[in-house]
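Residue numbers (UniProt numbering), protein chains in the order written: chain A, 1 to 596; chain B, 1 to 596.
It should be emphasised that the hints constitute simulated quantities derived from the structure, not laboratory data. Keep in mind that the hints are not guaranteed to be accurate.
Repeated chains share a single entry, so a pair holds when one copy, or any two copies, can fit it.
[To be verified] 25 Å max Cα-Cα, derived DSS-like pairs, lysine-lysine:
no., residue 1, residue 2
1, K104, K524
2, K308, K259
3, K428, K470
4, K328, K428
5, K259, K335
6, K465, K104
7, K350, K587
8, K503, K315
9, K356, K294
10, K401, K515
11, K70, K458
12, K587, K74
13, K104, K503
2 protein chains.
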Amino acid sequence: MRSHRCGELTESQLDQEVDLCGWTHRRRDHGGVIFIDLRDREGLVQVVFDPDYADAFKLAESVRSEYVLKVHGKVRSRPAGTENPNLGTGKVEVLATQLEILNKAETPPFPLESEVEVSEETRLRYRYIDLRRPAMQQKLRMRRDITRSLRGFMDANGFWEIETPFLTKATPEGARDYLVPSRTHPNHFFALPQSPQLYKQLLMVSGLDRYYQVVRCFRDEDLRADRQPEFTQLDIETSFMDQDAITDLMEEMIRALFKEVLDAELPNPFPRMTYAEAMRDYGSDKPDLRVPFKLVDVADLLTTCEFKVFAGAAKDPEGRVAALRLPKGAELSRKELDDLAAFVAIYGAKGLAYIKVTDRATGIEGLQSPIVKFLPPEAVLAILDRVGAETGDVVFFGADKAKIVSEALGALRIKLGHERGFAEGEWKPLWVVDFPMFEWDDKDGRWFAMHHPFTAPKCGVEELKADPGKALSKGYDMVLNGTEIGGGSVRIHRQDMQDVVFKLLGIEDEEAQQKFGFLLTALKYGAPPHGGIAFGLDRLVMLMSGANSIREVMAFPKTQSAWCPMIDAPAPVTDMQLRELGIKLRKPPEAKGEAN
Amino acid sequence: MRSHRCGELTESQLDQEVDLCGWTHRRRDHGGVIFIDLRDREGLVQVVFDPDYADAFKLAESVRSEYVLKVHGKVRSRPAGTENPNLGTGKVEVLATQLEILNKAETPPFPLESEVEVSEETRLRYRYIDLRRPAMQQKLRMRRDITRSLRGFMDANGFWEIETPFLTKATPEGARDYLVPSRTHPNHFFALPQSPQLYKQLLMVSGLDRYYQVVRCFRDEDLRADRQPEFTQLDIETSFMDQDAITDLMEEMIRALFKEVLDAELPNPFPRMTYAEAMRDYGSDKPDLRVPFKLVDVADLLTTCEFKVFAGAAKDPEGRVAALRLPKGAELSRKELDDLAAFVAIYGAKGLAYIKVTDRATGIEGLQSPIVKFLPPEAVLAILDRVGAETGDVVFFGADKAKIVSEALGALRIKLGHERGFAEGEWKPLWVVDFPMFEWDDKDGRWFAMHHPFTAPKCGVEELKADPGKALSKGYDMVLNGTEIGGGSVRIHRQDMQDVVFKLLGIEDEEAQQKFGFLLTALKYGAPPHGGIAFGLDRLVMLMSGANSIREVMAFPKTQSAWCPMIDAPAPVTDMQLRELGIKLRKPPEAKGEAN
Numbered sequence: 001m002r003s004h005r006c007g008e009l010t011e012s013q014l015d016q017e018v019d020l021c022g023w024t025h026r027r028r029d030h031g032g033v034i035f036i037d038l039r040d041r042e043g044l045v046q047v048v049f050d051p052d053y054a055d056a057f058k059l060a061e062s063v064r065s066e067y068v069l070k071v072h073g074k075v076r077s078r079p080a081g082t083e084n085p086n087l088g089t090g091k092v093e094v095l096a097t098q099l100e101i102l103n104k105a106e107t108p109p110f111p112l113e114s115e116v117e118v119s120e121e122t123r124l125r126y127r128y129i130d131l132r133r134p135a136m137q138q139k140l141r142m143r144r145d146i147t148r149s150l151r152g153f154m155d156a157n158g159f160w161e162i163e164t165p166f167l168t169k170a171t172p173e174g175a176r177d178y179l180v181p182s183r184t185h186p187n188h189f190f191a192l193p194q195s196p197q198l199y200k201q202l203l204m205v206s207g208l209d210r211y212y213q214v215v216r217c218f219r220d221e222d223l224r225a226d227r228q229p230e231f232t233q234l235d236i237e238t239s240f241m242d243q244d245a246i247t248d249l250m251e252e253m254i255r256a257l258f259k260e261v262l263d264a265e266l267p268n269p270f271p272r273m274t275y276a277e278a279m280r281d282y283g284s285d286k287p288d289l290r291v292p293f294k295l296v297d298v299a300d301l302l303t304t305c306e307f308k309v310f311a312g313a314a315k316d317p318e319g320r321v322a323a324l325r326l327p328k329g330a331e332l333s334r335k336e337l338d339d340l341a342a343f344v345a346i347y348g349a350k351g352l353a354y355i356k357v358t359d360r361a362t363g364i365e366g367l368q369s370p371i372v373k374f375l376p377p378e379a380v381l382a383i384l385d386r387v388g389a390e391t392g393d394v395v396f397f398g399a400d401k402a403k404i405v406s407e408a409l410g411a412l413r414i415k416l417g418h419e420r421g422f423a424e425g426e427w428k429p430l431w432v433v434d435f436p437m438f439e440w441d442d443k444d445g446r447w448f449a450m451h452h453p454f455t456a457p458k459c460g461v462e463e464l465k466a467d468p469g470k471a472l473s474k475g476y477d478m479v480l481n482g483t484e485i486g487g488g489s490v491r492i493h494r495q496d497m498q499d500v501v502f503k504l505l506g507i508e509d510e511e512a513q514q515k516f517g518f519l520l521t522a523l524k525y526g527a528p529p530h531g532g533i534a535f536g537l538d539r540l541v542m543l544m545s546g547a548n549s550i551r552e553v554m555a556f557p558k559t560q561s562a563w564c565p566m567i568d569a570p571a572p573v574t575d576m577q578l579r580e581l582g583i584k585l586r587k588p589p590e591a592k593g594e595a596n
Numbered sequence: 001m002r003s004h005r006c007g008e009l010t011e012s013q014l015d016q017e018v019d020l021c022g023w024t025h026r027r028r029d030h031g032g033v034i035f036i037d038l039r040d041r042e043g044l045v046q047v048v049f050d051p052d053y054a055d056a057f058k059l060a061e062s063v064r065s066e067y068v069l070k071v072h073g074k075v076r077s078r079p080a081g082t083e084n085p086n087l088g089t090g091k092v093e094v095l096a097t098q099l100e101i102l103n104k105a106e107t108p109p110f111p112l113e114s115e116v117e118v119s120e121e122t123r124l125r126y127r128y129i130d131l132r133r134p135a136m137q138q139k140l141r142m143r144r145d146i147t148r149s150l151r152g153f154m155d156a157n158g159f160w161e162i163e164t165p166f167l168t169k170a171t172p173e174g175a176r177d178y179l180v181p182s183r184t185h186p187n188h189f190f191a192l193p194q195s196p197q198l199y200k201q202l203l204m205v206s207g208l209d210r211y212y213q214v215v216r217c218f219r220d221e222d223l224r225a226d227r228q229p230e231f232t233q234l235d236i237e238t239s240f241m242d243q244d245a246i247t248d249l250m251e252e253m254i255r256a257l258f259k260e261v262l263d264a265e266l267p268n269p270f271p272r273m274t275y276a277e278a279m280r281d282y283g284s285d286k287p288d289l290r291v292p293f294k295l296v297d298v299a300d301l302l303t304t305c306e307f308k309v310f311a312g313a314a315k316d317p318e319g320r321v322a323a324l325r326l327p328k329g330a331e332l333s334r335k336e337l338d339d340l341a342a343f344v345a346i347y348g349a350k351g352l353a354y355i356k357v358t359d360r361a362t363g364i365e366g367l368q369s370p371i372v373k374f375l376p377p378e379a380v381l382a383i384l385d386r387v388g389a390e391t392g393d394v395v396f397f398g399a400d401k402a403k404i405v406s407e408a409l410g411a412l413r414i415k416l417g418h419e420r421g422f423a424e425g426e427w428k429p430l431w432v433v434d435f436p437m438f439e440w441d442d443k444d445g446r447w448f449a450m451h452h453p454f455t456a457p458k459c460g461v462e463e464l465k466a467d468p469g470k471a472l473s474k475g476y477d478m479v480l481n482g483t484e485i486g487g488g489s490v491r492i493h494r495q496d497m498q499d500v501v502f503k504l505l506g507i508e509d510e511e512a513q514q515k516f517g518f519l520l521t522a523l524k525y526g527a528p529p530h531g532g533i534a535f536g537l538d539r540l541v542m543l544m545s546g547a548n549s550i551r552e553v554m555a556f557p558k559t560q561s562a563w564c565p566m567i568d569a570p571a572p573v574t575d576m577q578l579r580e581l582g583i584k585l586r587k588p589p590e591a592k593g594e595a596n
């Protein structure tokens, strides 16, 4: 139906007869001539209707926004002075000799040209209109480019794309599963996978050596923050590679991706940071290295001071006292400082002590602070030296249980770093490694796996049993600009170790057998050393495309309540359907008391 | 951990030190030396343990089948006369100097070397063992190759891979949906997609021009024949291409695929056959063109004969009398003929009349048949002429309603053609086109869509309304060797036409609005002419790899009752989970009467 796409025309088609199809982006009547900007996926081109071609001209008069047109005409140079340098096709236009209206269009529910004042619900309801915006199409194009680049790397490195089931059983990630009632096995349910974790490990036991899949995963979580009920992973597993070999290969893939899609150079190698270092310096296991300032421990300078908040935390083996220097922060107003104190309170901090350095040259005299008077002057000066404070800076303090201090100052660091322009325009990837195997949960009084229960420890069975809290894992997270974009581990490949880990996690044998028995059995039959990683594709595309939300890089996302306004899903179903599945609805909420 | 894969070693690595990892495929002790065939995804290599390297030799003595090993050694030529020409690595062996046992293995539940006498349930329960068989890995490798070839073609032709949701609403295919209860919207359910049909049409309305996706689809059907609850489609949609342009491009893709993966040449172009021709000549809308014989209409020769079964059907406007000549079929025994009569009875045929041609030269005398005596000799001879019967052939007859005759003789044609070796070793693709828009269902007294309700007719609105039964659609099926591997259509892109089709199908406005309202709305806002196709990837891989079942080309298939013996899914869930989802189980079957 067409010889070219609209956005592809350049001077190299001059004087050619072309057929174009596309949407009416804009129509202008000017000097007895009609101009239509015709739009397709590749861009816009100006089409001119002249009364000399009477049929086409007459029809063009009836054309409205978003009408779908087929145009036959000749490419010519735009008259001097009317070129549009902002348009790929801006040096040419098409003089139309024939026009066909392929379809009419009602006025769209919102204009395509700007995103202003359109609610997200409206955009999602008319997603097929929203997706006509060139900016949206560019994001989907970049998503396609990214996926293709990643696949290409995987293919070139001997990874086979292998599909795993969606109708499966509860997986170990521990979030809530989406369930699918089985009709043929009444009272039984499939779970949609939170990841193909167990299947990919079984593929390694099968000797398939290297596997990958670009695969949908599902979590029925409350959609705070930027989550979606279904999301896409690049899921990878390999046999016979140790942790360094895996992380080396994976960062090579990401470097190649950024080079290919964004022409950006990432560091080689990526920095590696232990979990302990990350928490110490950045108060986070996903540090944004673009922000140039760090948390600095100062407890050793404050154990003997009279200020109880500091001294108490300094002496508590589980406490932490840390300082965070914000360059040029002395200009912060009282109101701003109060707001920051309220911000850290979200993370459990009971206040936000600070010292403004109005004049570093005059020692204690040059400081402005509600706390300096409680601290020994030599300690204050030693702290300023240690954090490298200069005139015009502010230094914040956290003193509490280590977890609270790290989280609060870590979050403050990110907030200030981003708000004050320290986090723009650079790519700062790193690996975080040496995670603890387990985290102790005081409330439940038991260990939890920090990655998942299949992650291998760096130590042997006996050492692990002797002091589980000390054990580090062979887990690794790839972090980019403060976002975790990939996480993985070397897995346990011996049954005895897997048994021990399940026991430490309080997964009793029967439960382990019922949930993961097939994996334990599989480990008996010759499992190779193996490990892998999963990258969050949506998040990666979001970062690379500069989008504000993963919803912007998915064709048909859902709202925060997991609802699709466009197709209106989820929806009621018939009683017949429920009957076939052997389930029924609990009574509606108002009659809740009667439900059994 | 390794320098090469086992199966990759050739004489070009002679005298190199190599590190290999793999599974113990076979161990033999012979002449004071231990031979281990070490296996990985790429193949086997012979490793030799000599007592000269005492540590490795001693350890090798403890090695059993399927132990996972790491071997260091030197590649050398096999001694003259011990080369194995059946093995890629058969000219070399590795003299091991170091051995590490990476993991032990219990004796596998079934031997890997042959498929004999292992039940499919056992194979599925220990799928990770089953997948170690080289034959299984070859099928997954070919699946990978096929997918990659198809993606490559799509990418090269401007199709964008775009992901569509899995948590969606009932789609129009009409099979039973898998449902997913929503927790955040009580009493509402998502449906898993039977296809991304509506989403891909909306992507065209979005102006995304060309889309594809290798995508999982779900149908909760009774798994007769070779079906799976989840299966994979190559799903495609394009704008601004008419039927011929689409089918031309799609067959080009399939030709490129067969060339690339199998080095096979498919015809160019594929033959095109109308639905009417296919039913007439092959009694099937997916004819296997490898079988060289056809159904031949003979009603015109039999309208006046005394044999009521023939004459009745010949005179019935909805009847059909057809003959099928089986070359060299005169040797069929009475028992075999009875079995064939029982076979066609499955399709509703009341019997299977036949004429054996024992001597074509002697006219009626040379025939052997229970029916010839009821037929005018000149009609019999005319039939034999028309079907081209020769001495030694048998000619079968069907006389009944056209549907029964076509289906019965069509199935008989396939059965005999396959059993008697007429259908081997060739690739015979074709397009079947010009399907009727609608099929009349006597039982329900209404029209059904032969493809789906979004398929465009070849005629205009008025003509369609005037005689729906005559209307042909712009649907097309790609058929290969008797299997439909792809099906698609040009879609309706105007709202008025879509309204009319919904009305003819008895989908009233309110229902249409509720089910497909978003599509009807979308068609108002400037939908381009568009169409597409979906290929059944599992089936295509099955055909190309010569597998007997789609279960053989899926890594983790389910049984006929939609059960996975390996992970034991579906499984019971907790009452807490059901409560959160706002559903409960109906009473167990034995208390059925009490359920409300």
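Verification of the hints:
In the homo-oligomer, the alpha carbons of K104 and K524 lie at most 25 Å apart only across protomers (7 Å), although the nearest pairing inside one protomer, at 65 Å, exceeds that limit. When the C-alpha separation of K308 and K259 is checked against a cutoff of 25 Å, the pair qualifies neither within a copy, at 53 Å, nor between copies, at 79 Å. Taking CA atoms no more than 25 Å apart as the test, K428 paired with K470 passes in neither setting, with 30 Å inside one copy and 65 Å between copies. Taking the shortest alpha-carbon separations for K328 and K428, only the intra-copy value of 23 Å comes in at or below 25 Å, while the best inter-copy value is 76 Å.
Taking the closest pair of Cα atoms, K259 and K335 never come within 25 Å of each other, the shortest separation being 44 Å inside a single copy and 72 Å across copies. When the C-alpha separation of K465 and K104 is checked against a cutoff of 25 Å, the pair qualifies only between copies, where the shortest distance is 22 Å, while the shortest distance within a copy is 72 Å. Neither within a single protomer nor between protomers do K350 and K587 lie at most 25 Å apart by alpha-carbon distance, with minima of 45 Å and 54 Å respectively. Proximity of K503 and K315 under a CA criterion of 25 Å is satisfied in neither setting, with 35 Å inside one chain copy and 80 Å between copies.
For the identical chains of this complex, K356 and K294 are intra-copy neighbours only, at 17 Å inside a copy versus 95 Å across copies, given an alpha-carbon limit of 25 Å. When the C-alpha separation of K401 and K515 is checked against a cutoff of 25 Å, the pair qualifies neither within a copy, at 36 Å, nor between copies, at 56 Å. In this assembly of identical chains, K70 and K458 lie within 25 Å of each other by CA distance solely across copies; the values are 20 Å between and 65 Å within a copy. Proximity of K587 to K74 under the C-alpha cut-off of 25 Å is found in neither arrangement, the shortest distances being 68 Å within a copy and 73 Å between copies.
Only between protomers do K104 and K503 lie at most 25 Å apart by alpha-carbon distance; the minimum there is 22 Å, versus 67 Å within a single protomer.
Violated hints for the displayed structure, listed by number in ascending order: 2, 3, 5, 7, 8, 10 and 12.
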